[in-house]
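2 protein chains.
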Amino acid sequence: MRCKTNVNPNFIVLKRDMSKAYDRASDESNGVLKKLDRARKVRSSTSRRMAPRIVTARASAEKLKDPDQLIDSVETFIFDCDGVIWKGDKLIDGVPEPLICFGLRVRGYFCYQRLNKITKTEEIFASSFTAAAYLKSTDFPKDKKVYVVGGDGILKELELARIQYLGGLGDSEKKIELKPGYMMEHDENVGAVVVGFDRYFDYYKIQYATLCIRENPSCLFIATNRDAVTHLTDAQEWAGGGSMVGAISGSTQREPLVVGKPSAFMMNYLANKYV
Amino acid sequence: MRCKTNVNPNFIVLKRDMSKAYDRASDESNGVLKKLDRARKVRSSTSRRMAPRIVTARASAEKLKDPDQLIDSVETFIFDCDGVIWKGDKLIDGVPEPLICFGLRVRGYFCYQRLNKITKTEEIFASSFTAAAYLKSTDFPKDKKVYVVGGDGILKELELARIQYLGGLGDSEKKIELKPGYMMEHDENVGAVVVGFDRYFDYYKIQYATLCIRENPSCLFIATNRDAVTHLTDAQEWAGGGSMVGAISGSTQREPLVVGKPSAFMMNYLANKYV
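So the sequences go chain by chain: A and B.
So in the working numbering, spot 176 of the first sequence is number 176, and the numbers just go up one at a time.
So in the working numbering, spot 6 of the second sequence is number 6, and the numbers just go up one at a time.
Be aware that one or more of the hints could be misleading.
Because identical chains cannot be distinguished in the list, a pair is counted as satisfied if it fits within a single copy or across any two copies.
Taking lysine-lysine and the BS3-like style, the derived pairs with C-alpha atoms no more than 27 Å apart in a straight line are [stated by the list, open to error]:
1) Lys144 to Lys63
2) Lys90 to Lys179
3) Lys175 to Lys156
4) Lys179 to Lys156
5) Lys175 to Lys90
6) Lys179 to Lys63
7) Lys273 to Lys136
8) Lys156 to Lys65
9) Lys63 to Lys90
In case anyone wonders, no lab produced these hints; they're calculated from the structure.
Just so it is clear, the structure is predicted and the values come from calculations on it, not from any experiment.
Using the sequences provided together with the hints, build the complete structure.
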């Protein structure tokens with residue numbers, strides 16, 4: 001892993017016993033845990049030979065009577081950040097700053113200044129990371145390309161994974177030109193379409209992605225997430241990546257493989273890495 | 001019903017025994033019927049007191065051995081046009097022109113010249129018509145408005161039904177402006193969002209429609225169709241209205257009420273009108 005600037009949407013991995021901030025964090029954790037409707041908690045196995053036991057928070061969590069008991073029994077916590085710890089560029093009211101510091105201090109980095117100035121951490125996993133990680137895990141052919149509906153985060157991750165790509169924000173100004181007999185050309189070497197949140201989403205991108213998925217043999221349809229909402233700003237909830245995925249699902253009649261939260265792929269990746 | 005200029009996507013209603021063109025059409029119908037994968041056929045009841053029997057064509061129709069037998073036993077045929085009789089602005093190869101003439105001659109009108117010059121017929125029902133017809137059937141409140149994702153066809157039908165609306169192509173140039181604390185305002189008097197095919201579809205429209213459906217109490221979510229493909233041109237298949245509907249379904253986590261093809265509402269409307 002390496003520096004990441006994309007803070008939205010993503011996970012923080014918070015590992016117990018790895019920072020002096022632990023005591024402060026646990027003292028204040030009760031207030032935070034109420035908010036963790038979407039959090040996932042990874043519990044260590046008693047033996048490294050056994051698969052880690054993954055415990056998922058209930059959708060509607062009651063206030064903990066004995067937070068220490070939970071914290072003592074769980075080695076690694078994974079927090080969804082967007083909408084849980086922050087919204088847009090602001091901390092959610094009531095989330096204690098030490099928890100954030102704790103999440104970012106582990107593994108030797110202390111990068112927390114303000115949330116919109118995070119520039120370096122090994123502990124934040126953007127959903128966009130998982131698309132590249134998944135394609136790498138499948139030995140995605142070197143001569144194939146990925147068409148991206150989404151932001152720069154996905155493109156950067158693909159670049160780091162040395163996977164060829166096209167689309168992304170570079171396609172945001174392109175328009176279709178309707179005249180008799182007109183057809184949109186598409187690259188027949190696209191072997192996967194990766195769809196994430198894209199605020200420049202439009203019909204050009206829908207059609208290009210649809211052509212690749214429908215007409216290129218064995219073309220994958222991968223979603224980084226299907227979130228109904230995202231938090232572009234803290235003033236309201238904004239339509240999330242689920243709308244981009246829903247559009248392309250509607251025109252291709254295909255369901256995507258979701259590799260970001262809350263998919264098994266991301267959970268297993270994190271569990272294997274940290275537990 | 002009245003003049004319609006929108007020819008895509010839509011239905012032709014073709015009624016037996018109402019035109020001299022019948023003989024010519026039946027002679028050539030065998031070749032056409034092979035193509036009617038998506039056609040719907042409405043059979044008259046033996047008594048007006050009974051509900052009409054609606055027979056749906058099989059998804060994969062075999063060549064008819066005795067087309068006259070089918071034609072004799074069915075009073076009214078309803079054809080899907082886009083992708084069945086024409087694609088974009090061209091007739092599908094093999095569809096006999098007399099059938100088109102026949103469809104348009106019934107009820108006293110002969111308007112067929114070329115498909116892209118149809119200007120007057122009582123026999124073509126655009127999906128956009130059904131949205132206004134449905135809202136009228138529900139006594140949509142006079143003080144409520146409709147937010148439209150779609151083309152001018154929907155707006156014109158709403159205007160004729162004297163239903164207030166906003167959105168449509170008028171929203172095609174609008175952009176969101178992201179800055180801390182920014183929120184998109186929306187009209188709290190929107191009581192229904194109608195979604196059809198829209199080639200100017202973008203994130204602004206997704207967010208506006210989502211806000212109305214999610215935040216306005218009892219706001220309806222109506223789709224004119226969920227077609228995976230449409231035929232903007234005859235050169236290729238284009239992502240259809242299903243992509244716009246899928247996007248808004250993805251961000252609202254709501255399923256729409258589909259009032260256009262192949263919904264029961266449209267079938268029942270046509271059956272009541274013609275059978």
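Would you list, in rising numerical order, the hints stated earlier that this structure does not obey? 1, 6, 8
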